Amino acid sequence: MAKSSNKYFLFIWLILIAILLIYFTNALISGDDKTLFMPGALTDGHHQIGMACEACHQNSFDNREQIVNSCIKCHGDERKKPFDSHPKQKFTDPRNADRLQKIDALNCITCHVEHQPDITKKTGLTQPVDFCVHCHDDIADKRPSHKNMAFDSCASAGCHNYHNNRSLYTDFLIKHLDEPSNLEKAILPKREFSALLDEIVTYPHSQYPVKPLTLDDIDKPENIASTDNINNDWLQSGHSKKGCNCSSCHQQKSNDKNPSLWITKPDHNACASCHEMEVKHFKRGKHGMRLEQGLSAMMPEMARLPMTANSLNEELTCNSCHRAHKYDLVSAAVDACLGCHNDRHSLAYKKSKHFDLWQLEQADASKQGTGVSCASCHMPRISYDVSEWLSRIMVQHNQNANLVPNEKMIRSVCIECHGLEFSIDSLADKNLIEHNFNGKPSIHIQSMDLARKDHQRHLEKTKSDE
Amino acid sequence: MKLSKSLITLGITTALATATMHANASDSVPIKVMADALHTVLDSDRAIYTKKVVGRLVKKDKVIKASEHFIDDKALPLPAQMFRMGAENVAERIADNPNVNFSYSLQSLWPINSQNAPKTKAEKEGLKFIADNPGKNYYSEEKLGNQKYFTAIYPDVGVAPVCVSCHNKHKDSPKTDFKIGEVMGGVVIRIPVDG
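Chains as they are written, first to last, in the numbering used here: chain A, 1 to 466; chain B, 1001 to 1195.
No wet-lab data here; the hints were simulated from the structure. In this text, all values refer to a predicted model and were calculated from it rather than measured experimentally. Note that the Cβ used here is the ideal one computed from N, Cα and C, for glycine as well. Treat the hints with caution; some may be incorrect.
[As the list claims (entries may be wrong)] Okay, the calculated beta carbon distance ranges per label pair:
id, chain 1, residue 1, chain 2, residue 2, range
1, A, PRO144, B, LYS1060, 33 to 41 angstroms
2, A, LYS463, B, LYS1060, 27 to 35 angstroms
3, A, LYS463, B, LYS1065, 16 to 24 angstroms
4, B, ASP1061, A, HIS115, 31 to 39 angstroms
5, B, VAL1033, A, GLN207, 55 to 63 angstroms
6, A, SER85, B, LYS1171, 13 to 21 angstroms
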């Protein structure tokens, strides 16, 4: 009787093992979602693409070089001078061999290890925060002002940024000493696209010459239905005013003479045929990074930030914010954001001074560029080198580009309207950020004071030498 | 800036081609000759940039400034920065072509950027040697990490008024009485060797 019972349990046990084996093997081989095998939760930056292991690991899980190459593939543009003050080239010189033995600064994954949620800081850093000590242990000798400062305060105090230090270096601080909190000329730059179309070689000039179009010019095939609403939305958009016709988005570009296929709902690839840079950046940020990896579009329900209940199943593509045919840039700058984002900072926007300014501008009661929308800060208008010989003011569609650490927002946004000292202090004040900058900073970062002393010391020395 | 990089790249290519031709004739190029050839190109390119570009446009014609923050200030890069950008460009290109392997940097006993102060024993000895013995070069071998290098250090002389005036006025310069013709630092060239 006992033997029979043992056989019974053995049989059940084997069946269970077989089921588990089939389940895991199936998930490994055929399933798109590999999160089942994930050793630890991913950072906020990568959690959306967790089911695409190959995005980072490529075809091997133990090849560090492949992982680093994956980092460079997405983040490489920012890891060069002037956007990175510690680029890889700084450490390849053999004279830095001793430093590399202390900390391998040649590889991204020395400081940014994924799947380690217990030790990962907000910036994705997994090294102890006092890592600067490895190379700058003698800083107090060179800069007496830094005596007695702890090495774990280098970055946390809002003074230094290992990668992008462009708004924090001493001479930049000196250049902006004693500026008022609100600058007299507080205005955001204008976008440049249509004005530079002649110089954008990839733009299909011959197919769609830049000229205003009317309803008579509509080039959709006769068998394709449209509505008055669609036609009027297009007529009021920037597209119709600059020669962008129905076929520009709805019909695949083709070099042969045969008519190409009509696409009922064009995706981001259609937009990229003219707005290549905008789409490239969109796919680098939180809104579009899943598309970059060939996954389904991001939906607010996947987000780690609080989102509105109505938006949870909305797919994020270009049209989610811009709205097909209408391409309303005003709506895309505020309403589109608040349609999904439901955190305290977002909800506080409509009580802020920035929103007051935005309303004034929209009511034509103030100059263009004086209003501050969500996009003004999170998708700012930046001067971008679109090629070796052309830069243009364009909207940075990677909303993550200036977000963490937030000092990156200083140059691309804050100092268009505010003094540098006010900007640094404001971005260091978490409470002020939560209230969407409705008030003045209650924190003071001493970097400007140190720069001021440094500058005065130099002026006095120059005077005494003369 | 692009022109300067092109000049450096062209110069180095010419030097390597010349050295290669010499190698074909005798089957090998003495490593010291290789380092000297590289230095001749680097030194010539930087002197030309300093005199014919920075000196002419900044000092003589006064049409543009030169600044260490050349992007922010919309200005010309300083000659030392142009030199360093070339060195970084070479480092990137060598990563794709390890058969051509060398590195170079500009260092000084009186650096404006303290990261350019001598670090290794050869650098410390060499920079002192070229400062104490004007006109002479310093050659040595050293092991850094797990790699042995032939290290050559060449005197870097202030060739134009802009060199000495900028260093003498800079707030981070530890020496403020440089004169034209004086050794201000050294060009360090390293070539990996077996052993």
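Hints versus structure:
Evaluation of the 33 to 41 angstroms hint for PRO144(A) and LYS1060(B) yields a pass: the beta carbon distance comes to about 39 angstroms. Remark: the range hint 27 to 35 angstroms for LYS463(A) to LYS1060(B) is upheld by a beta-carbon distance near 29 angstroms. Roughly 23 angstroms separates the CB atoms of LYS463(A) and LYS1065(B), a value that falls within the hinted 16 to 24 angstroms. Hint check: ASP1061(B) to HIS115(A), Cβ distance near 58 angstroms, so the stated range 31 to 39 angstroms is violated.
With their beta carbons about 59 angstroms apart, VAL1033(B) and GLN207(A) fall inside the hinted range of 55 to 63 angstroms. About 19 angstroms separates the C-beta atoms of SER85(A) and LYS1171(B), a value consistent with the hinted range of 13 to 21 angstroms.
Hint compliance for this structure: hint 4 alone is broken.
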